[in-house]
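Numbered according to this note's numbering, the sequence shown spans residues 4 to 275.
It should be emphasised that the hints constitute simulated quantities derived from the structure, not laboratory data.
Bear in mind that the values here come from a model prediction, so they are computed numbers and not experimental data.
One thing to keep in mind: the hints can contain errors.
Ranges between beta-carbon positions, derived for each pair [claimed, not checked]:
#: 1; residue 1: Trp83; residue 2: Val52; range: 17 to 25 Å
#: 2; residue 1: Arg27; residue 2: Pro94; range: 15 to 23 Å
#: 3; residue 1: Ala112; residue 2: Ile51; range: 36 to 44 Å
Heads up, the beta-carbon is just placed ideally off N, CA and C, and yes, glycines get one too.
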Amino acid sequence: MLSVMPIAAWLTLALLLTDVIARRSSANARQARAVARFPLWVLALPAIVSWLSLTVDDEGWIVPAALFALQLSLAVWALWRYGTWPLVAAPLCGVLVLWSGAIARQQYATRSITVGHRGGMDGGFNENVSEQFRRPELERFYSRMIEINSRGELSDFTCGDPPPRVEFELTLEPRKTLRERLVSVGYSPDLDKNEDRCLRSGLTYTTALALAEIDHGPRIDYGYTRAGKPDEPYVPGPPRKPICVCELRHSGGEWVAYSEEQAAELRGKAQR
4 MLSVMPIAAW LTLALLLTDV IARRSSANAR QARAVARFPL WVLALPAIVS WLSLTVDDEG
64 WIVPAALFAL QLSLAVWALW RYGTWPLVAA PLCGVLVLWS GAIARQQYAT RSITVGHRGG
124 MDGGFNENVS EQFRRPELER FYSRMIEINS RGELSDFTCG DPPPRVEFEL TLEPRKTLRE
184 RLVSVGYSPD LDKNEDRCLR SGLTYTTALA LAEIDHGPRI DYGYTRAGKP DEPYVPGPPR
244 KPICVCELRH SGGEWVAYSE EQAAELRGKA QR
């Protein structure tokens with residue numbers, strides 16, 4: 004939708020130039036300007052500021068929404084004040100309302116969406132999702148994630164300790180200029196990077212399995228290149244289940260493997 008914004012900008016410029024020409028050649032246009040007591044170019048300021056704000060923050064929607072409300076108010080005011088000469092004011096108001104409204108709508112439609120709540124700002128990671136993954140899928144994903152506790156799906160990664168009850172906060176982050184489309188998975192409580200390393204890996208693994216049950220859309224082609232040539236969208240393989248070598252849990256070294264061969268090597272180190 005934002006691809007049509009340059010068209011709106013050129014139309015605005017054309018109408019403002021038309022207003023200048025009309026006031027030079029028409030007494031009615033000059034009289035309407037005198038009665039209105041403000042130039043038509045002022046009308047364009049909210050739409051232009053809204054457009055420029057996208058270069059500073061392409062994620063926010065509150066500022067574009069506020070500027071749209073201001074644009075709409077100015078348009079109503081201008082149509083009233085320029086009632087005797089609406090030939091330029093009316094189409095200009097229409098273009099500017101559509102322009103700022105399109106920006107506000109686009110930003111609102113691509114806002115971040117959060118479901119769930121965690122007790123604190125603890126651990127987290129990201130999972131890429133398809134274009135078809137929207138709020139209904141996010142809510143289904145959250146429902147599936149909270150089942151991890153009742154199903155005991157983390158028991159294989161705690162070396163016999165009772166798994167903690169995990170709270171989740173999921174945020175759908177739409178695709179932006181410098182960010183892929185993803186779901187941010189926040190969880191609480193935080194897990195120790197050493198003592199709970201296998202549990203952390205197990206949580207990532209379980210999350211990937213749960214997401215695969217929900218998101219069946221194709222991978223997004225972000226236009227990446229490799230060696231100067233277009234690269235195909237990355238399609239990850241099936242997630243690998245971590246293997247906890249609990250004998251090394253308190254060793255301070257690596258104790259999580261992703262294949263039986265790696266696990267055997269780690270167990271060999273534990274026996275030395």
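Status of the hints after comparison with the structure:
no.	hint	verdict
1	Trp83 to Val52: 17 to 25 Å	holds, 23 Å
2	Arg27 to Pro94: 15 to 23 Å	holds, 19 Å
3	Ala112 to Ile51: 36 to 44 Å	violated, 21 Å
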